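> Read top to bottom, the protein sequences are chains A and B.
No gaps in the numbering here: position 71 of the first sequence is 71 in my numbering, and each next residue is one more.
No gaps in the numbering here: position 100 of the second sequence is 100 in my numbering, and each next residue is one more.
Bear in mind the hints are in silico, worked out from the structure with no lab data behind them.
Worth double-checking, as some hints may not be accurate.
Same chains, same label: a pair holds when it works inside one copy or across any pair of copies.
[Claimed, not checked] For lysine-lysine, the following DSS-like pairs were computed, each having C-alpha atoms within a straight-line distance of at most 27 Å:
#: 1; residue 1: Lys185; residue 2: Lys53
#: 2; residue 1: Lys62; residue 2: Lys123
#: 3; residue 1: Lys38; residue 2: Lys144
#: 4; residue 1: Lys113; residue 2: Lys99
#: 5; residue 1: Lys113; residue 2: Lys180
#: 6; residue 1: Lys146; residue 2: Lys13
#: 7; residue 1: Lys123; residue 2: Lys180
#: 8; residue 1: Lys99; residue 2: Lys13
#: 9; residue 1: Lys144; residue 2: Lys191
On a predicted model such as this, the values are computed, not experimentally measured, just so you know.
2 protein chains.
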Amino acid sequence: MKMTADKENTEEKILEAAKEVFLEKGNDGTRMQEIADKAGINKSLLHYYYRSKEKLFAAVFKYAFSQFAPRIFSAFKDDEDFFALIRNFISVYIDIVSKNPFIPLFIINEINKKNTVFTNVIKMSGINPQVFKDRIQKEINNGKIKSIDPNQLIINTIGMCIFPVIGRPLIQVILFEDNKAEYDKFLESRKTEVADFIINSIKI
Amino acid sequence: MKMTADKENTEEKILEAAKEVFLEKGNDGTRMQEIADKAGINKSLLHYYYRSKEKLFAAVFKYAFSQFAPRIFSAFKDDEDFFALIRNFISVYIDIVSKNPFIPLFIINEINKKNTVFTNVIKMSGINPQVFKDRIQKEINNGKIKSIDPNQLIINTIGMCIFPVIGRPLIQVILFEDNKAEYDKFLESRKTEVADFIINSIKI
DNA sequence: GTCTATAAATTGATAGAC
DNA sequence: GTCTATCAATTTATAGAC
Numbered sequence: 001m002k003m004t005a006d007k008e009n010t011e012e013k014i015l016e017a018a019k020e021v022f023l024e025k026g027n028d029g030t031r032m033q034e035i036a037d038k039a040g041i042n043k044s045l046l047h048y049y050y051r052s053k054e055k056l057f058a059a060v061f062k063y064a065f066s067q068f069a070p071r072i073f074s075a076f077k078d079d080e081d082f083f084a085l086i087r088n089f090i091s092v093y094i095d096i097v098s099k100n101p102f103i104p105l106f107i108i109n110e111i112n113k114k115n116t117v118f119t120n121v122i123k124m125s126g127i128n129p130q131v132f133k134d135r136i137q138k139e140i141n142n143g144k145i146k147s148i149d150p151n152q153l154i155i156n157t158i159g160m161c162i163f164p165v166i167g168r169p170l171i172q173v174i175l176f177e178d179n180k181a182e183y184d185k186f187l188e189s190r191k192t193e194v195a196d197f198i199i200n201s202i203k204i
Numbered sequence: 001m002k003m004t005a006d007k008e009n010t011e012e013k014i015l016e017a018a019k020e021v022f023l024e025k026g027n028d029g030t031r032m033q034e035i036a037d038k039a040g041i042n043k044s045l046l047h048y049y050y051r052s053k054e055k056l057f058a059a060v061f062k063y064a065f066s067q068f069a070p071r072i073f074s075a076f077k078d079d080e081d082f083f084a085l086i087r088n089f090i091s092v093y094i095d096i097v098s099k100n101p102f103i104p105l106f107i108i109n110e111i112n113k114k115n116t117v118f119t120n121v122i123k124m125s126g127i128n129p130q131v132f133k134d135r136i137q138k139e140i141n142n143g144k145i146k147s148i149d150p151n152q153l154i155i156n157t158i159g160m161c162i163f164p165v166i167g168r169p170l171i172q173v174i175l176f177e178d179n180k181a182e183y184d185k186f187l188e189s190r191k192t193e194v195a196d197f198i199i200n201s202i203k204i
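Work out the full structure: start from the sequences and follow the hints.
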């Protein structure tokens, strides 16, 4: 039906525009007018489809979190060689965050603000780091890697992947004289450099 | 003189209140009224002393950046043993960011937004990572550590120090069942864990 | 479904009394 | 220096025509 097609089309256009603006500017920095302009529609339609700014933001947050956090643990294949698993995970993960540079900072910021509101979203997201922790512990028990607190290893890994992306504007100026191309090369090389760094540290 | 004393006292109270609010909520999320309430003075006085919100924000940003970034390289002593230097730097650095958890995220966010405005602040801050790069290269040349791109090592180090602080609300829920005391212990133990992790990776 | 017009509330900033 | 009163602009949200 045309009506339904239009409806979904407009609703989709709004959500796409809202993603762009909210992800870049956060909840406080976002104006409904800017979303409407980007979607090419009237401002009133935002309320027609999403009632309020808060509900539209919630839709964007839900998308961002579903898009991002589960993928943290998605590249995980349990039967793989552990070092190959690390190499694969880091390569995929750095690739994702490099292509979606606003999402990690957006999530961190909004969770820092409305902690109570989104704690539930996190808990119901199905994120379960236990498979990771168990696998690390298994490798330690089997004498394949040095003893280390699995939580420490996990945070080390994710920190090294995310920090150069969310801190890019600062780091690019201080360490790379604001050379964008050089920084892109730097990020690309980290797909293997970070894995080497970790494996060097934990191998026996 | 009493007048001067009052002036500086009020001006100082305003700046202190502004730091609290701006650092936690960012520029967009901050209301002048909230700063005035926290300082215990009238809203008009904010403009009397700082003319505009933008100028007050600039004062806070300047403070935050001066407080934070230079300390990145302050714990550096050139004559020290390299591994001792790493241990000392990481311990001091994690301690600083743990006690000022809002500053790193504040700086990253605001630089992400007004990139052109604050690029100058960065450049004129006197930050010079070259001493770090040179020292790392020297250790490589002397055969004390494995070959590694100094930039990679620097970002690995800072990333592992900062990420668990700025991502705390998220990580604490996912990995520590929102147990604050456990997370505090986790952060404290990282002062040595991160150094061990790095040294294990680069030692020959 | 989509638009125009406008309400209602917020907020940065200024004028002027004391 | 500090306060009250108020302006002017912005912004979310709604009412109503088409």
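> So, for every hint listed, does it hold in this structure?
Hint-by-hint comparison with the structure:
With identical chains, the CA atoms of lysine 185 and lysine 53 are never at most 27 Å apart, being 39 Å at best within one copy and 39 Å at best between copies. In the homo-oligomer, the alpha carbons of lysine 62 and lysine 123 lie at most 27 Å apart inside one protomer (12 Å), although the nearest pairing across protomers, at 38 Å, exceeds that limit. Within a single copy, lysine 38 and lysine 144 get their C-alpha atoms no closer than 53 Å, and across copies no closer than 55 Å, so neither meets the 27 Å cut-off. In this assembly of identical chains, lysine 113 and lysine 99 lie within 27 Å of each other by CA distance both inside one copy and across copies; the values are 25 Å within and 18 Å between.
In this assembly of identical chains, lysine 113 and lysine 180 lie within 27 Å of each other by CA distance solely across copies; the values are 17 Å between and 31 Å within a copy. In this assembly of identical chains, lysine 146 and lysine 13 lie within 27 Å of each other by CA distance neither inside one copy nor across copies; the values are 51 Å within and 52 Å between. In the homo-oligomer, the alpha carbons of lysine 123 and lysine 180 lie at most 27 Å apart only across protomers (16 Å), although the nearest pairing inside one protomer, at 37 Å, exceeds that limit. In this homomeric assembly, lysine 99 and lysine 13 come within 27 Å of each other (Cα to Cα) only inside a single copy, at 21 Å, whereas the closest approach across copies is 43 Å.
When the C-alpha separation of lysine 144 and lysine 191 is checked against a cutoff of 27 Å, the pair qualifies both within a copy, at 23 Å, and between copies, at 25 Å.
When each numbered hint is compared with the structure, violations occur for hints 1, 3 and 6.
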